[in-house]
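K.L.:
Now for the letters of each chain:
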Amino acid sequence: MISLMEVSRWYGMVLGLNRVSLDLESGVTGLLGVNGAGKSTLLNICAGLLLPSTGSVTLGGKSIFANPEALRLLGYCPSVDHFYEEMTGLDFVAYLARLSGYSQDEAMERAVRTCREVSLVEEAHYRMCRMSKGMRQKVKIAQALVHDPDVVLLDEPLNGMDPRSRVQTIELIRKLGEAGKHILVSSHVLHEVEAMTSRILLLDRGRILASGEVLEVREAIHSRPLRIFLRCADARLMGAELSAWPCVLSVSFSPDGRGITLEVSEAGRFYRDLTALLSKRDLGIEIINPLDDNLAAVFEYLVK
Amino acid sequence: MNQVALRSIFIRTARHAASRSGLIFLAVFPWLAMLIFYSLFVKGRVSGFAAYNPYQFVLMGYYLGFFIPLSSLYLGVSLISSEIDSGTLPYLFTRPVPRPLLFLAKFTGAFSALAVLVILSQAGTYALSLRMTYFTGQSILDFLAAAGVSVLGILVYGALFALLGLALKNPYLVGFLIGFGWENMAGWLPGFFKRLTILYHLHELLPYPPMRGGPQDLFYQGEYQWAAFAFLLGYGVIFLLLSCLTISSMEVVPRDTEA
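Heads up: the protein sequence lines correspond to chains U and B, in order. Start counting the first sequence at 3; every next residue gets the next number (this note's numbering). Start counting the second sequence at 12; every next residue gets the next number (this note's numbering).
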């Protein structure tokens, strides 16, 4: 749906984005990066608010900047906390629905429905200036969804939300992804991204460092072997068996003698061989726990 | 589809403009002045103004020389910049509304509200001036013609200041210098320069004779009214076209975001 081709963006002498190319697939994609990595620049370019210095951005095959035909397919939730403060949340969402072309009644009907989807019911009738940060976040998300767009860009959507609202919003984003929407969501909080999706786009200093499923990305980091912890009845025997495998690079024992930590070069091959071994012999394995195939590890290895 | 969106933008902008207390004060102020003027007239202390119609005096001095340029400057500059300052422009720019139409809907909304405010204010001032029957030139047709000139002034000044608001970083300062510096100063200059002002053409369109001996006398050089109208129309169209071009290529960075 949304496609970037060799997009770069300068701010004076500062390079905000550096030759970024991507095709946003359906489902949820987590956009990760430290502050200044270029996440918001990327989202603003995708939203048609900024022009790329070089390269092109299209949505549904059409250039997106100031193009109503492309913008019809887009929902954008900015990270900044600004509204028409004198309006109620419901009126704000309904107003923006009318700007998407819906009649007065239809816009209000959609606004009510969307506010309910983001868990704003009574609170939707509060004036924006009286709303808590979490409620305001929900209003921002509601206005991005009210016209049922195919592509949704969410810039830090969980900021300021209480834990319950976070869970509800994560669930909503997951459902939208499962419904086939193309969703790009940026966040600083890795475990929240992990709860929404396993597909990531990792930015660092304006460049895409990695993209794809977290496990695929993790396996592609050859400089850091995957670490796996095993707990079993006879760790020495197990260690001796596994150390002979070519994909196992190192074996270390835990102080109690019942656990071993392996460094593995090819996770897929290791798990296949281990399954085959366990089908032949009972080694009394209690726990198999990959230690660094999660998003936090990927982020740490690639960015820090 | 655009009609619903544009109507919504128009109504919201018009309501917002009409509720500005500063503009309401400026609209009511000449009524107070007129009442004072009337009390002086009753006491016989304004005989020196006997040659002038008090409504014409207020129209030229206050409405065309002050209220309309000042309020147009405020509304025109803030038309888009207020959305930028309040951080709400990204919501508008990510909706499927052509940007030039979005701008024009806001423009007509704000300046329709101002036009209504000015005409109501002028109607009150005109009605008060009728109490002073000592003066001549009180035809209702003249009032309507003067109201039309005021509306034209609002649109042209509005277009100019809206363009400044879109194109400049310090639009208020530049707008003030143009509205209250250049506009008045150029009227004193000989030759073609005065035709590069809005005020000169507005004065030419007024149904009242020039006030001889006053500063307005300097503006008076006997231009055809159709020429004055054509100049104003041309200025307005040029300013609006440039504004539409500017907003079409305008970038927005939501504030407080990383680079």
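Hints in this document: simulated from the structure, not taken from any laboratory. Quick reminder that beta carbons are idealized off the backbone N, C-alpha and C, glycines included. Treat the hints with care, since some could be wrong.
Covered stretches of chain U, going by a simulated chain B footprint (3 or more residues, C-beta under 8 Å) [unchecked claim]:
{"#": "1", "stretch": "46-55"}
{"#": "2", "stretch": "65-72"}
{"#": "3", "stretch": "91-100"}
K.L.:
To test your reading of the hints: which numbers does this structure violate?
P.N.:
Hint check: nothing fails, all pass.
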